[in-house]
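Asks: The chain contents come next:
Protein chains: 2
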Amino acid sequence: MGSSKKSAKQDKTGTPTALSELLRAPLGPVDLSALDAAATPGYPGKGKEDAPAHTQALGPVLSDLQEQLFANGRSAPESAPRVLVVLQGMDTSGKGGVVRHVMGLVDPQGIALTSFKVPTPIERKHHYLWRIRRALPGPGMIGVFDRSQYEDVLVVRVENLVPPEVWGRRYDEINAFEAKVAEQGTRIVKCFLHVSSGEQKERLAARLDDPTKYWKYNPGDVDVRAKWPAYQQAYEVALEQCNTEVAPWYVIPSDRKWYRNWAVAELLRETMAGMGLDWPAAEFDVAAERKRVAAS
Amino acid sequence: MGSSKKSAKQDKTGTPTALSELLRAPLGPVDLSALDAAATPGYPGKGKEDAPAHTQALGPVLSDLQEQLFANGRSAPESAPRVLVVLQGMDTSGKGGVVRHVMGLVDPQGIALTSFKVPTPIERKHHYLWRIRRALPGPGMIGVFDRSQYEDVLVVRVENLVPPEVWGRRYDEINAFEAKVAEQGTRIVKCFLHVSSGEQKERLAARLDDPTKYWKYNPGDVDVRAKWPAYQQAYEVALEQCNTEVAPWYVIPSDRKWYRNWAVAELLRETMAGMGLDWPAAEFDVAAERKRVAAS
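Protein sequence lines correspond, in order, to chains A and B.
1 is the number of the first residue of the first sequence in the numbering used here; add one for each residue after it.
1 is the number of the first residue of the second sequence in the numbering used here; add one for each residue after it.
Hints in this document: simulated from the structure, not taken from any laboratory.
When chains are identical, the list treats them as one kind, so a pair holds in a single copy or across two.
Below are the DSBU-like pairs computed for lysine-lysine, each with C-alpha atoms no more than 30 Å apart in a straight line:
1) K257 - K291
2) K180 - K117
3) K227 - K291
4) K201 - K291
5) K213 - K291
All chains should be modelled from the sequences, with the hints used to inform the complete structure.
Replies: Have a look at this one:
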């Protein structure tokens, strides 16, 4: 995923033929320290200066795809496809930024966002997948998980919230769960927003230098930061163990916010373009209805 | 609300000083046929050609207000304000268009959209306000209701789904309910999207002329259209009976989509600008945290 990938095969418009190939998490052992968080694989433009335009340009395309998905959800809810975008990453990696800048490109009606926090007392009484199941996207919707089932093999593992034999079983459980969700018609796209430790430090410091950002700062983030190596390792295992064909992991280099936003938008576009979406046919007699409207 | 209002008092930037005054539903008897659905009161530009730019220009301002609201919700959930936008209107009046074009201007994280459909069997077992209460916006959120509690004095009244003495009580019940919601810290903005019968006819016909819009067409819409006068009357009564200071009704002329979108965006901006929002103060020792981050 180094910068050599920048010159990946491109079509005439300069758009990479498959960003999903460039960003797919390695199959086999994952060493995050070997993946450059500041890389910009597949980016078709110059850099920061033209990135907003490139990302905005994806808006109308994504919007159309989203509307087709939504239309199918309305016309045939039983069989309509769904999309689920899972966002994971260390604090400041930009999960919120992706929601704002990427999901903000399409109709809010088509987005079902769930931000998973520390489990509530009620959630704690249930299996860890209970709250996840309840938040799965409905027919024609793009579900977005800001944090997800993976917290149960990340913070839970690092902080020893359950015994190792319990979290150890969860990788297989999550794979089985995701396979079932996929089989029921949901296209799953899992994005790990990869930031470097140095970049995180700068972003935390920036929040303390700007009173309009104080609310984003949590002293607990520094405690989590102190466990950086343990979290990176937990991510590596999750990426290794749960990188399936039906629920692939993508590693999004996220030190450059402009690249991160473009990459997730393009990945979503590619994914949805590959779903064979089309406008649903009329379920009524169009000519007869035209007459009824004309006579009304 | 005729076009004479176009020349209402304006400040130096050309923005009306208070669109909320221009669009507030009449206090007292309401005659919708006397309110021009094609009017453009308070619009500061030329017309259709510059409207997208005027609406887009509200984006950054609305975005900042929404982020402040959201920040307060995070910092002090118990006391944080909320906003509730209620959208009502006949089929094709543009409830979905407002969600897309106005709510789409701000961070999707800050929007909690609920589209109320025909009540489900479970909803039907409860009081009609049960599902409404469950959908009220949380701290710092902008709740958006696409249809609302008003369906229970609109379709329910016109179709005689409950006896007159039952729906007859609901105006007072709704006023009491909204007063309580407002008292608990939610700013309520109710928008009636006012389209003319002629414009509705054109929009229904247009859906039948474009295969990408078939999914939006429902033969039942023509049956509802046949009861136009009864629905207009039911709206008039709802506007008359439930137009309180804490939960005002606005009549948005909606025959021109570009005006409708601008007007709702500006109304929301005005409302939120009047809430005295500010960035929450740091709840930690900023200098001490700077040192902790630097040492991390």
